[in-house]
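Peer 1: So you can see what is in the structure, the chains are spelled out below.
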Amino acid sequence: MGNGTPVTNAIRRLRFERGEMTQQALADACGVTRQTVIALEAGRYAPSLELAFRIAHALEVRIEEVFQWAGES
Amino acid sequence: MSLPRLGFIGLAVVAALATWLLLAGPARVFGIEAGNAGMVLLMAVGWGSLHAISRIPDGGIGESMSPGEWRAWLGLAFTLVIAAYAIVHAPVFHGPPLWHNPDANRIGRNIVMLLVAWMLLARVLDARWRRGVRQDERDREIEARGAGAARLALVVILVGYALLLSFSPTERLEWAVPPLLGHLLVLALIVSCAFEYLVVGLGYWRDRR
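Here the protein sequences come in this chain order: A and B.
Heads up: the first sequence begins at 1 in UniProt numbering, then just goes up one per residue.
Heads up: the second sequence begins at 1 in UniProt numbering, then just goes up one per residue.
No wet-lab data here; the hints were simulated from the structure.
Please read all numbers here as calculations on a predicted model, not as lab measurements.
Be aware that a few hints might be false.
[What the hints assert, rightly or not] Cβ pair distances, simulated, as ranges:
| id | chain 1 | residue 1 | chain 2 | residue 2 | range |
| --- | --- | --- | --- | --- | --- |
| 1 | B | Ala-176 | A | Gln-24 | 53 to 59 Å |
| 2 | B | Gly-148 | A | Gln-24 | 28 to 34 Å |
| 3 | A | Glu-72 | B | Ala-162 | 41 to 47 Å |
| 4 | A | Gln-24 | B | Met-113 | 36 to 42 Å |
| 5 | B | Val-159 | A | Glu-20 | 53 to 59 Å |
| 6 | A | Gly-43 | B | Leu-6 | 36 to 42 Å |
| 7 | B | Arg-123 | A | Glu-50 | 41 to 47 Å |
| 8 | B | Leu-163 | A | Glu-72 | 42 to 48 Å |
| 9 | B | Ala-16 | A | Gly-43 | 38 to 44 Å |
[To be verified] Which bits of chain A does chain B cover? Going by a derived footprint, with three or more residues having C-beta under 8 Å, they are:
| id | region |
| --- | --- |
| 10 | 7-18 |
| 11 | 36-47 |
[Stated by the list, open to error] Some chain B residues well away from chain A (every beta-carbon gap over 10 Å; in silico):
| id | residue |
| --- | --- |
| 12 | Leu-11 |
| 13 | Leu-17 |
| 14 | Arg-28 |
| 15 | Met-65 |
| 16 | Ser-66 |
| 17 | Trp-73 |
| 18 | Val-116 |
| 19 | Ala-117 |
| 20 | Ala-162 |
We treat Cβ as the ideally placed atom computed from N, Cα and C, and that holds for glycine.
Construct the complete structure from the given sequences, taking the supplied hints into account.
Peer 2: See the structure below:
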């Protein structure tokens with residue numbers, strides 16, 4: 001895990017589309033620290049599959065709407 | 001100047017005083033053994049720092065730093081002071097066994113008490129962390145990398161000791177009496193702990209850079 005991962009995400013946009021959900025609210029809903037949400041939104045951390053599903057569930061969307069593969073195919 | 005800022009400055013001053021007492025201070029202060037006084041002050045600073053950090057409101061400096069990162073940087077500072085204390089007082093271990101060497105006995109007891117106190121304080125105050133989740137998968141990944149680095153550091157140091165003792169001419173190993181060798185082994189553990197805290201702290205720092 002370094003700076004930048006091949007997995008991009010739309011967490012920030014989806015949070016605001018869900019009534020401006022705060023980072024802390026999302027963190028609490030997913031069982032992670034707020035700093036991990038910050039790292040995810042900044043693209044500095046690629047979550048495990050379980051956490052990715054938790055985030056998608058908290059944002060009430062499908063997982064592929066939150067995360068996209070941006071690396072080489 | 002806000003009260004929390006004054007509190008942190010106060011802690012820094014007490015930490016500096018404790019470090020001076022441990023490393024370079026006089027033998028006794030107001031009739032109390034300086035090493036003991038420094039140890040108590042350092043423990044108070046460690047507790048005060050962790051307590052103050054756990055109370056920082058959201059929106060402050062605590063917003064971007066995880067509990068694990070605070071613990072790592074504080075732990076690094078604490079273990080570096082203990083390592084410096086162990087190095088500065090290493091010569092007293094060049095003598096008879098500890099039960100016949102009151103100075104070495106006292107230094108060894110202070111080192112062990114500082115290490116145990118730090119571990120207890122970190123655990124107690126970690127449990128009292130105010131803001132919900134204290135650790136998640138990212139923290140565990142960073143800590144696993146730190147533990148791996150610490151294991152590597154310990155292996156390197158121990159292999160260094162083994163090579164030094166195995167290949168040095170006997171006449172150059174007069175310094176290597178059992179109490180000092182024991183002290184060097186404890187120092188290796190302290191250094192590996194400091195290395196672990198450093199790698200964990202850098203891991204968090206890289207994540208939010």
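Peer 1: Please go over all the hints and tell whether each is borne out by the structure.
Peer 2: Here is what the structure says about each hint:
1. The supplied range of 53 to 59 Å is met by B:Ala-176 and A:Gln-24, whose beta-carbon atoms lie about 55 Å from each other.
2. The given range of 28 to 34 Å is respected by B:Gly-148 and A:Gln-24, whose C-beta atoms sit roughly 31 Å from each other.
3. About 45 Å separates the C-beta atoms of A:Glu-72 and B:Ala-162, a value consistent with the hinted range of 41 to 47 Å.
4. Between A:Gln-24 and B:Met-113 the C-beta distance comes to about 38 Å, which sits within the given range of 36 to 42 Å.
5. For the pair B:Val-159 and A:Glu-20, the supplied restraint of 53 to 59 Å holds, since their beta-carbon distance comes to about 56 Å.
6. As the Cβ distance of A:Gly-43 to B:Leu-6 is approximately 38 Å, the hint placing it in 36 to 42 Å holds.
7. As the Cβ distance of B:Arg-123 to A:Glu-50 is approximately 27 Å, the hint placing it in 41 to 47 Å is violated.
8. Between B:Leu-163 and A:Glu-72 the beta carbon distance is about 45 Å. The supplied range of 42 to 48 Å therefore holds.
9. Restraint check, B:Ala-16 to A:Gly-43: a C-beta distance of roughly 40 Å satisfies the suggested window 38 to 44 Å.
10. Residue count for the region 7-18 of chain A with a Cβ under 8 Å from a Cβ of chain B: 0. That is fewer than the three needed, and the coverage hint is violated.
11. Three residues within the 8 Å Cβ limit are the bar, and the region 36-47 of chain A against chain B gives 7, so the coverage statement holds.
12. Distance check on B:Leu-11: its Cβ is at least 23 Å (rounded) from any Cβ of chain A, clearing the 10 Å threshold; non-interface status holds.
13. At the 10 Å boundary, the C-beta of B:Leu-17 stays outside the reach of chain A, the nearest C-beta of that chain being 33 Å off.
14. Every C-beta of chain A lies more than 10 Å from that of B:Arg-28, the closest at about 45 Å, which supports listing it as non-interface.
15. The beta carbon of B:Met-65 sits about 7 Å from the closest Cβ of chain A, which is not more than 10 Å, so the claim that it is off the interface is violated.
16. In this structure B:Ser-66 is not separated from chain A by more than 10 Å, as the shortest Cβ-Cβ distance comes to only about 4 Å.
17. Distance check for B:Trp-73 against chain A: the nearest CB is about 14 Å away, which clears 10 Å, and the non-interface claim stands.
18. With a minimum CB-CB distance of about 28 Å to chain A, B:Val-116 clears the 10 Å threshold, and the non-interface call stands.
19. No beta-carbon of chain A comes within 10 Å of the beta-carbon of B:Ala-117; the shortest separation is about 26 Å.
20. Consistency note on B:Ala-162: stated as away from chain A, and its beta-carbon is indeed over 10 Å from all of that chain's, at 34 Å minimum.
Comparing the model with each earlier hint shows violations of hints 7, 10, 15 and 16; every other hint is respected.
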